[in-house]
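Novice: Okay, here's what each chain looks like letter by letter:
Protein chains: 2
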Amino acid sequence: MSRVRFNTNDSTYVDDTSSDIDSNVQLDHESLERRYGDINPNLDEYSGEEVEVNPGEEDLEDTPISPVTEVPTETTNSTEQNCGSPPHIPPTREKFKIALCQLSVATDKERNIAHAQQAIEDAADKGAQLILLPEIWNSPYSNDSFPVYAEDIDAGGDASPSTRMLSEVSRSRKITIIGGSIPERSGDKLYNSCCVFGTDGKLLAKHRKIHLFDIDIPGKMTFKESRTLTAGERPTIVDTEVGRIGIGICYDIRFQELAAIYAARGAHLLCYPGAFNMTTGPLHWELLQRARAADCQLYVATCSPARDGGSSYVAWGHSTLVGPFGEVLVTTEHEETTLIAEIDYSVIEQRRAYL
Amino acid sequence: MSRVRFNTNDSTYVDDTSSDIDSNVQLDHESLERRYGDINPNLDEYSGEEVEVNPGEEDLEDTPISPVTEVPTETTNSTEQNCGSPPHIPPTREKFKIALCQLSVATDKERNIAHAQQAIEDAADKGAQLILLPEIWNSPYSNDSFPVYAEDIDAGGDASPSTRMLSEVSRSRKITIIGGSIPERSGDKLYNSCCVFGTDGKLLAKHRKIHLFDIDIPGKMTFKESRTLTAGERPTIVDTEVGRIGIGICYDIRFQELAAIYAARGAHLLCYPGAFNMTTGPLHWELLQRARAADCQLYVATCSPARDGGSSYVAWGHSTLVGPFGEVLVTTEHEETTLIAEIDYSVIEQRRAYL
Chain A
8 MSRVRFNTND
18 STYVDDTSSD
28 IDSNVQLDHE
38 SLERRYGDIN
48 PNLDEYSGEE
58 VEVNPGEEDL
68 EDTPISPVTE
78 VPTETTNSTE
88 QNCGSPPHIP
98 PTREKFKIAL
108 CQLSVATDKE
118 RNIAHAQQAI
128 EDAADKGAQL
138 ILLPEIWNSP
148 YSNDSFPVYA
158 EDIDAGGDAS
168 PSTRMLSEVS
178 RSRKITIIGG
188 SIPERSGDKL
198 YNSCCVFGTD
208 GKLLAKHRKI
218 HLFDIDIPGK
228 MTFKESRTLT
238 AGERPTIVDT
248 EVGRIGIGIC
258 YDIRFQELAA
268 IYAARGAHLL
278 CYPGAFNMTT
288 GPLHWELLQR
298 ARAADCQLYV
308 ATCSPARDGG
318 SSYVAWGHST
328 LVGPFGEVLV
338 TTEHEETTLI
348 AEIDYSVIEQ
358 RRAYL
Chain B
8 MSRVRFNTND
18 STYVDDTSSD
28 IDSNVQLDHE
38 SLERRYGDIN
48 PNLDEYSGEE
58 VEVNPGEEDL
68 EDTPISPVTE
78 VPTETTNSTE
88 QNCGSPPHIP
98 PTREKFKIAL
108 CQLSVATDKE
118 RNIAHAQQAI
128 EDAADKGAQL
138 ILLPEIWNSP
148 YSNDSFPVYA
158 EDIDAGGDAS
168 PSTRMLSEVS
178 RSRKITIIGG
188 SIPERSGDKL
198 YNSCCVFGTD
208 GKLLAKHRKI
218 HLFDIDIPGK
228 MTFKESRTLT
238 AGERPTIVDT
248 EVGRIGIGIC
258 YDIRFQELAA
268 IYAARGAHLL
278 CYPGAFNMTT
288 GPLHWELLQR
298 ARAADCQLYV
308 ATCSPARDGG
318 SSYVAWGHST
328 LVGPFGEVLV
338 TTEHEETTLI
348 AEIDYSVIEQ
358 RRAYL
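From first to last, the protein sequence lines are chains A and B. Number 17 in my numbering belongs to position 10 of the first sequence; there are no gaps in the numbering. Number 210 in my numbering belongs to position 203 of the second sequence; there are no gaps in the numbering.
What the hints contain is simulated information worked out from the structure, not anything from laboratory work. Heads up, a few of these hints could be off.
Pairs involving identical chains hold if they fit within one copy or between any two copies, as the list cannot separate such chains.
Stated by the list, open to error - Under the rule of at most 35 Å between Cα atoms (straight-line distance), these lysine-lysine pairs were calculated in the DSBU-like manner:
#1 K181 x K227
#2 K231 x K133
#3 K102 x K231
#4 K227 x K104
#5 K196 x K133
#6 K102 x K227
#7 K181 x K231
#8 K116 x K181
#9 K133 x K104
#10 K102 x K196
#11 K116 x K227
#12 K181 x K102
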């Protein structure tokens, strides 16, 4: 029986009499330990046996290993918080430049691919070693467009010109790319998918948006991704040359549990390609990024498409990098632009030691 | 074996070849379901058997039942989010006034008790039906003071004049009081404890601060509650005449998991008495409140002591009520004041339906 049970006692409070004060509606201690243990586990529990982040040799056969951060089988707790602290996984590289490419998106897919490639190469020229693209950068953001612009990422090649470009650029420029998202066709289903490419052009991970964007704020914003898209089923955390990165897409950022899982697994950075809109953008976009960063004490990067006032779905813009104290390090308005900023992972451990 | 295991495959990305893209470092689906199920459970799982919020008759014997909200044994899911929505527990009262008493605290405990009583009565005169007091309102906030001002709440009467006053006022004014916190002596241990009193003066719940405030930001703020205090072990959620309320004290607000547990148990309102300081206050006080409210889509109320620039620990002030979209409904600066604002729980369901 893994579910939590409530213990409830009633008690009366009488001024002059000792009373049973155990009157809380509360979780029993064991369950609390288990919950907190699950989400912010004590590091003693992080044994090599249970956290198999790097594939074992027997799984690799003769395929080349993509460059991944070495994961220690035992780590140490840098703070003494009573409910544990996320594990410290030393990144291969502590400091590097990230580029957030807030791209304009047109109806011409070939233009979108060439345009994104140019932005990535420009950012690489300026020293960016990690590139983050927006949600749905190769297609207009609409249920009518998703099926038309969708690509078969697994088939690759001509079946997926968008990810082919990302693979080629990441290899030629030796950079890591978090490829925003594109509509993905897989069999008879469509997904909203983010591909991560390593410096050798390999696909390191693919995240399918878990939490589809179905909202209905009368008179302001109604959109149902579920009309065309299928939800992904799994969180995605990936080791790259620029740290261990947890991936979410747009609405995924609303789910604190997802970020908490990534933090518990040693993520240094969460990347959320996302196209919030003119209603939810001013309400929640920055709040959610700062909350994820401050709660998990790690970096959070977001990347939106640039705003196109003439499109059916108007993006909020405001791509942002947030530091592990929840502080906005760099942000922008809604025009097309590329933000380049430095990430320094040593700050994470400093912040965790402070608090 | 309840721990989550990682599945990791390596894969190569070759443009013209179908590739295994299952390369994520990811949780298996069953584990994700279990995690999300635990924290935001589907309502099907909320059976009367497992959620015993009201005590069964056999537990009550002849002690009077404190007034509690009726809890349906089955509830319905008002939204169709794919990872579940918190249960809707209809509150007894949908609209009421809450008072946040941002009290000045002196070294004279008797003065502090009389002063708090006056503020509570004034707020009740203005129609407040729920009163929230600050963290450590009967004592200076210092490790030297905690043992001196601590009271034996369980013994009651003369052993706990602070909670005796709260009990008497709640009964005489027929109001619910979330009694901030006071240092509690229990055997040879001290706790930072919040007592909740119902409209009949009964102690409905007592929350002992779970996450002690031990921080060390060199040159800015160092404090170690654990020098004198013992951490509480259990979350506290309590049914009152003004809704189901989850309690945290100050540093407890940093732990999203605690708020998520309360939301999953149907809380309408989270109350955090808290004395953030001049370093952490501007950094995180409002951010954390808004994050808890927006993530859980419920009300969050905080209450700080007023600022005393001459004390060893200078409180940030800024008591605040936040609505279920993460919007600040009412807030203040750092002077002594009582904020009175209306809470309307029907907004919670509306917000959850929107998003």
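Novice: Determine for every hint whether it applies to the structure shown.
Specialist: The hints, checked one at a time:
Taking the shortest alpha-carbon separations for K181 and K227, neither the intra-copy value of 43 Å nor the inter-copy value of 42 Å comes in at or below 35 Å. For a Cα distance limit of 35 Å, the shortest separation of K231 from K133 qualifies neither inside one copy, at 38 Å, nor across copies, at 45 Å. In this assembly of identical chains, the alpha carbons of K102 and K231 lie at most 35 Å apart only when taken from different copies (32 Å versus 39 Å within one copy). For a Cα distance limit of 35 Å, the shortest separation of K227 from K104 across copies, 29 Å, qualifies, whereas the shortest one inside one copy, 37 Å, does not.
Taking identical chains as interchangeable, the C-alpha atoms of K196 and K133 are never at most 35 Å apart, the minima being 38 Å within one chain and 59 Å between chains. For the homomeric pair K102 and K227, the shortest alpha-carbon distance between copies (26 Å) is at most 35 Å, but the shortest distance inside one copy (42 Å) is not. For a Cα distance limit of 35 Å, the shortest separation of K181 from K231 qualifies neither inside one copy, at 38 Å, nor across copies, at 47 Å. For the identical chains of this complex, K116 and K181 are intra-copy neighbours only, at 25 Å inside a copy versus 66 Å across copies, given an alpha-carbon limit of 35 Å.
In this homomeric assembly, K133 and K104 come within 35 Å of each other (Cα to Cα) only inside a single copy, at 9 Å, whereas the closest approach across copies is 56 Å. For the homomeric pair K102 and K196, neither the shortest alpha-carbon distance inside one copy (39 Å) nor that between copies (45 Å) is at most 35 Å. Within a single copy, K116 and K227 get their C-alpha atoms as close as 29 Å, which meets the 35 Å cut-off; across copies the closest is 53 Å, which misses it. Taking identical chains as interchangeable, the C-alpha atoms of K181 and K102 lie at most 35 Å apart only when both belong to the same chain, with a minimum of 16 Å there against 59 Å between chains.
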